[in-house]
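Enquirer: Dock chain B against chain A, hints included.
Protein chains: 2
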Amino acid sequence: MSKKFVFAFEEGSKDQRDLLGGKGANLAEMTKIGLPVPQGFTITTEVCTRYYEEGQKIGEDVMEEVKVKLAELEAKTEKKLGDTENPLLVSVRSGAPISMPGMMDTILNLGLNDDTVKSMARLTNNERFAYDSYRRFIQMFSDVVLEISKSKFDAIFDGKKEEKGYEFDYQLQPEDLKVIIEEYKKLVKAEIGKDFPLDPKVQLEMAIEAVFRSWNNDRAILYRKLNGIADSLGTAVNVQSMVFGNMGDTSGTGVAFTRSPVNGENKIFGEFLVNAQGEDVVAGIRTPQPIDELAQSFPEVYKDFMRISETLEKHYKDMQDMEFTVERGKLYMLQTRNGKRTAAAAVKIAVDMVNEGLIDQKTAVTRLEPSQIDQLLHPTFDQEGLKSAKKLATGLPASPGAACGKIYFHAEEAAAAVENGEKVLLVRAETSPEDLAGMVAAEGILTARGGMTSHAAVVARGMGKCCVAGCSAALVDEEKKTLTIDGITYKEGDYLSLDGTSGTVYEGRVSTIEPELSGDFGTIMKWADEIRKLKVRTNADNPRDAAVAVKFGAEGIGLCRTEHMFFDEERIPAVRRMIVADTLEERLEALKSLLPFQKEDFKGIYRTMGELPVTIRLLDPPLHEFLPQTDEDIRTLSAQINVPYEKLAAKVSELHELNPMLGHRGCRLAVTYPEIYEMQAEAIMQAAIEVSRETGKKIEPEIMIPLVGMKDELAYVKKVVVARVEDVMKKEGMNLPYKVGTMIEIPRAALTADEIAEEAEFFSFGTNDLTQMTFGFSRDDAGKFIKEYLNKKIFEVDPFQSLDQTGVGKLVEMAAKLGRQTRPQLKLGICGEHGGDPATIDFCHRVGLDYVSCSPFRVPIARLAAAQAAVKNA
Amino acid sequence: MSKKFVFAFEEGSKDQRDLLGGKGANLAEMTKIGLPVPQGFTITTEVCTRYYEEGQKIGEDVMEEVKVKLAELEAKTEKKLGDTENPLLVSVRSGAPISMPGMMDTILNLGLNDDTVKSMARLTNNERFAYDSYRRFIQMFSDVVLEISKSKFDAIFDGKKEEKGYEFDYQLQPEDLKVIIEEYKKLVKAEIGKDFPLDPKVQLEMAIEAVFRSWNNDRAILYRKLNGIADSLGTAVNVQSMVFGNMGDTSGTGVAFTRSPVNGENKIFGEFLVNAQGEDVVAGIRTPQPIDELAQSFPEVYKDFMRISETLEKHYKDMQDMEFTVERGKLYMLQTRNGKRTAAAAVKIAVDMVNEGLIDQKTAVTRLEPSQIDQLLHPTFDQEGLKSAKKLATGLPASPGAACGKIYFHAEEAAAAVENGEKVLLVRAETSPEDLAGMVAAEGILTARGGMTSHAAVVARGMGKCCVAGCSAALVDEEKKTLTIDGITYKEGDYLSLDGTSGTVYEGRVSTIEPELSGDFGTIMKWADEIRKLKVRTNADNPRDAAVAVKFGAEGIGLCRTEHMFFDEERIPAVRRMIVADTLEERLEALKSLLPFQKEDFKGIYRTMGELPVTIRLLDPPLHEFLPQTDEDIRTLSAQINVPYEKLAAKVSELHELNPMLGHRGCRLAVTYPEIYEMQAEAIMQAAIEVSRETGKKIEPEIMIPLVGMKDELAYVKKVVVARVEDVMKKEGMNLPYKVGTMIEIPRAALTADEIAEEAEFFSFGTNDLTQMTFGFSRDDAGKFIKEYLNKKIFEVDPFQSLDQTGVGKLVEMAAKLGRQTRPQLKLGICGEHGGDPATIDFCHRVGLDYVSCSPFRVPIARLAAAQAAVKNA
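For the protein sequence lines, the chains are A and B, in the order given. In this text, residue positions in the first sequence follow my numbering: the first is -9, and each later residue adds one. In this text, residue positions in the second sequence follow my numbering: the first is -9, and each later residue adds one.
In isolation and in its complexed conformation, chain A is listed as follows (with noise of 0.2 Å):
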């Protein structure tokens, strides 16, 4: 049997999504169970993806199958297309798997032409409408079909406007509107040289290839790159009978919600226009009235509303975004989709509808759609304020989250105005490690340089704090202290507004709102953790952000790093004095000195963390990371840790190297340096015993040797820690329970995983430095080239922000599998920056992990998007 092509609505079901689009599943589903729909058929996404496949043309044996439909419809309706007795129009719409709200083109009114007008005239005995229609037809096919501006239609309308003194469309007479078309078929044949097509088949058949012609416009490419909607999917087009909402008093059409979608409230939210067609409501030219209203002007319309809308929404389950249409009287139903809501409405009406009976926990945690819980974890402007706010220049949404404060140029200034009591936001060129401080000190950080993944970026989202990143209209001058945007200058102290979700920057003092975490959204978060598979721990290596993290539910620590406490002012002398060490006996007297360091860090975080686990991975970054690379500070560097400046600058030369990220560094420093490795194990135990006789908790730690690629190399690098983990316990008296593991972020790691787990206890996916070796892309490099990679269509998202399943994807599933096979018991978590991804999330739960770990502010997300996972996995 051959592939069936054309579905008409009672044929299709709203399980046919992929199929027909979601308007035209919906359409047919309404049809299914009983609701006044006007009749009509769909043509499948499957013609649209073979249009683009046989050079845009529509296959003859698909036009076969829309003929056929179209007598049924005729013969359904008693209409006929082009008949002048009783002719059928159609409008034309597109459709897609995934709602894409007003990218696509809508042709109404097809059908008209110089006879079917007049046969229009005659029926509704309206002259003014039909003519008015036809007008509106002709230039709707015309922009949308024929490619010909609007606005030159526009100009020949409100020309006779004009010269008739009307002020009002509706004023325009039958006469005025027939010179009006014949106008507009003078002006198509100017522009294409052909006549405008009179004959409503052909009027059909390019109305359906215009809508597959507009799956590929350019704002429909951008929403979808914007949205991650796959190219490929294709839109269906739906060709269905006309009603008329124009048609007098007695008409109208509206759009409405079973619930609000801007709180939830359980009550209709929706707007009507009396005598209008849809597109009048959507363009916003006149203003509805509240659907309440309905009520009192069509009484019985109303009612049949509320029972279609409360049937609708029973059968869908879900809150209904429907539009609709009264001809004369009589309600049709034109589309029903589950409607778009904030964040905080859907968590209201997803708590709700298990309060009414109507979903279960699993189905209500999966109407939230994770990246938009977002929006309730952090500060957002104050809707109000922001209306008067000016916009000055928009960067990066590094990090989510609306601040304000007085701008600050260097960490160390920022900082003492905090501690002044000031509100601030740090602004600077870029951040670097050194800048700390002043990060954590400020409400909010501006970057004019770096990407999603700069240092920045990084640490402002790990630490949940605002962020634009990388606005390249803002020209910082850090030595003078100011910022320049579009030729105005702000000073030191100025006050700035920064919106970190969409990545704008505000003049002055825009208010806040902090986020509220109880109540339904509480409740909501309760039922993820009871359905979710996969625990969710954080990123953290302070007490503070530990602190933040379990307070949002997170279960331990998954990557806690330890090369941001060695940039600590008090240390950094000490962490450098060790690099420059000529002797293992100076090396060993720096590590001394950083010991009690390391060990009241750790302390801090078993004191927060208790006996939830915490993974503390030993030290990664290559040593030339900790030393200054200008000559100029060579020199101070030089005179202030009593180092010969020729000394120092020849380790500086030393150390450089060409491709550090494929360097020095992680474990291959302790293969060097032994130990480095050695400290930070004592320090690691000696923190976990104080802390457990202090406290009386069962202590476990987790500690993870990084970079590693051979069996022999976390072999060797694993001896050296356990002999000094043995140690301490052995001169302390005391045995606790620890596990050595290892980050798996090295393809090589990845492919040999199963000769790996024979030394690790635990894996850890470090998908940062796997995406970059996976696909050779430098993390601090690839910014430029990937612009060029999305805007090319060759990547559909950026493999930094969600795991590229494909690719890095098969390493970790490769990992995973080979890892158990050779340890069953081997506990598997994810500790990349992905780990905050709900696509990613989605992935490891399917390829079987324990864990994913994510910065303090994405962990409701994550528990979310888990539990998510679950269900839908299930």
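Keep in mind the hints are simulated off the structure, nothing from the lab. Just so you know, not all the hints are guaranteed correct.
Because identical chains share one entry, a pair is satisfied inside a single copy or across any pair of copies.
Unchecked claim - Derived DSSO-like pairs: lysine-lysine, alpha-carbon spacing no greater than 30 Å straight-line:
#  : residue 1 : residue 2
1  : 777       : 176
2  : 179       : 168
3  : 641       : 470
4  : 807       : 304
5  : 293       : 257
6  : 721       : 782
7  : 783       : 729
8  : 352       : 541
9  : 782       : 582
10 : 523       : 687
11 : 817       : 800
12 : -7        : 59
Expert: Relative to chain A, chain B alone:
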């Protein structure tokens, strides 16, 4: 049944080399075929492995078995260990599966003590012999087992000789020897606080353990590392009843080869020492007689030996290296093994043996060590001349061969000197692409910095030119044009000689000998070609290298890089104009002026290669490599190409990358600037068409797109290339078949090779980059820590030298399989540096690649290795 740990010689065979070691297996074999072998038994290599696994202890079960075998040996020889009537004396020797001559320890005359020495004296009627054996035994046992320095015994011995006024050892009388023995025993007591062990059973157990211990002595470890022998193999221990070559003038000992190991001549080759033990021959204290002289002095023994020698060679079907002893006129065979030989001897012996019908051609090709035949392909130093040469320093053996010439410090001056008829060595701190002309002109290259994969090393190997790199003792002052080594300064024009095979630098002139490629060598290579399945191509990007490779038997070019061409003096300005171009027009203009150059490059190569396939890789390196980096150089260039300094400096800074290896290069350049690849595609196709017309040859261009990670990326770039190729063919009115394929050098490409193969018409594995990314190692930076990894035995071999088959190999295998799944006829090759490594070639054969590609001078090695792989894996 429990495992057997000890084998009597008659229980084993030559096929049990892994278990019994080489020596043990051959002693067993000789016993089996009825040769006169002193009886004994072998303790297996598994015992050695257990010894290390169990904390350096020999299991009691093993010692039980030893006792049983000892009893059997005693029964067979009718002697008894420690017996005063008829004492058994034994030797205890190591014997690993792979020969490690002289690396481990041996003990002779074990079983002697104060009692048995008397019996020996009585039985041999030679008191001097008995006591001399005893004192030798004490000295050897103390050295090897008790670890007391040999020199302390020598002091006593020499003291006694001096005291007595003796000139030769044999002048010592039994009484002298007895005194010496007592002093030896005192020395032992003083050194270890215990008496010398007099119980022969204790001696035996201690000796066995000492042999196992010697497996991990420093020189054995070093030898294994140098020869790529796995540490896990272990050694066997052979316990064998003693025979004595030092029982007077009817006794003696010798070593002999069945053919000459120096030149392969089919004539017995060896040495013989009357009245001596084997150690005396090896130690070189006395000068032995040529073996021929046996015919006179021991005619019967000589006849026997010649017969046995022939038997052994026929039995083993290979040239044998034998040790024998004559005890009072009776010949005993102590050892036989396949003899080591020079490359020249290996070639002659293999060909001769085929001609003699001893082996077939397949066996013959396995008789050459591929790494050894490199000796045959490059000039070597005249051995005589070398004897008097002064060795100055040692660097890395970066590219083999010998060279002699006047030193020059700048590429242009070196080139100019060559034009004046001088022979020149280029000496640089390190080389860069701009030194290319000088490197081409020079006989050899010496650099002070850089590793085995530095620019100098890679380029020199590519050209088959001698290179010593990273010679850190060489202080090069390029400005002053001086080279200082060990305080002595050499100036421009001074003569030096370089041995790139060993990495040695010699003062003055040493004469060289040119290689010979025909004759037996040609014969064996012809056989190799008939046997191998893998094709062998070469990496070459100019007609000169291509011609050399063809002479060496290359069957095509597997990698023709296009970037070296860009550095040419005539072109680099246009390249730089292209890079700094602000607009597409400017860039196209610059590219247009490069086009004729590129076309000529390709025409030259096509003319040289004729119908052999040529894979041309489009531009790969990041653009900043073509721009100067220092401020001064930027200023110079600015004037040169007439681009403002600020603009040029800004461009350099814009192109700067933190990790250029993972940056904007390869096909990523073409995604941003498609016009670069368009120009290259045009040049290739034009060249192919013009040379086709000119020569009538069928040319089928293979265009290779580098650094592909994703199918869609390849699809995009391929489309650009194909469009231009088709354009050219249309314009020229000539159609040529052509292929567009890709490098597989990004892990993701290997992981998704099934998708990539939808676009790629061939794969070429770029294992250099693939190794870098799979390990996360930057070749430029990893030198430092890879050394540490080799030292700490984390690596057995540098993964940039020989492909890491476990990890990187897994990706290669996966990609080959996935690629052919999509496209069964997909052509697969390898073009990384590994393409010339025999172990890698074996791997390539096993995973079913179609060809390997390597530098011209490695082509014969690859041909041979490919044949060996075919034989080995048949």
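Enquirer: Each hint: holds or not?
Expert: Evaluated hints:
{"no.": "1", "hint": "777 with 176", "verdict": "neither (45 Å within a copy, 83 Å between copies)"}
{"no.": "2", "hint": "179 with 168", "verdict": "within (17 Å within a copy, 129 Å between copies)"}
{"no.": "3", "hint": "641 with 470", "verdict": "between (33 Å within a copy, 26 Å between copies)"}
{"no.": "4", "hint": "807 with 304", "verdict": "neither (43 Å within a copy, 52 Å between copies)"}
{"no.": "5", "hint": "293 with 257", "verdict": "within (14 Å within a copy, 116 Å between copies)"}
{"no.": "6", "hint": "721 with 782", "verdict": "between (62 Å within a copy, 29 Å between copies)"}
{"no.": "7", "hint": "783 with 729", "verdict": "between (44 Å within a copy, 25 Å between copies)"}
{"no.": "8", "hint": "352 with 541", "verdict": "within (23 Å within a copy, 73 Å between copies)"}
{"no.": "9", "hint": "782 with 582", "verdict": "between (54 Å within a copy, 25 Å between copies)"}
{"no.": "10", "hint": "523 with 687", "verdict": "within (26 Å within a copy, 66 Å between copies)"}
{"no.": "11", "hint": "817 with 800", "verdict": "both (19 Å within a copy, 24 Å between copies)"}
{"no.": "12", "hint": "-7 with 59", "verdict": "within (15 Å within a copy, 83 Å between copies)"}
Of the hints listed earlier, those the structure fails to meet are numbers 1 and 4, in rising order.
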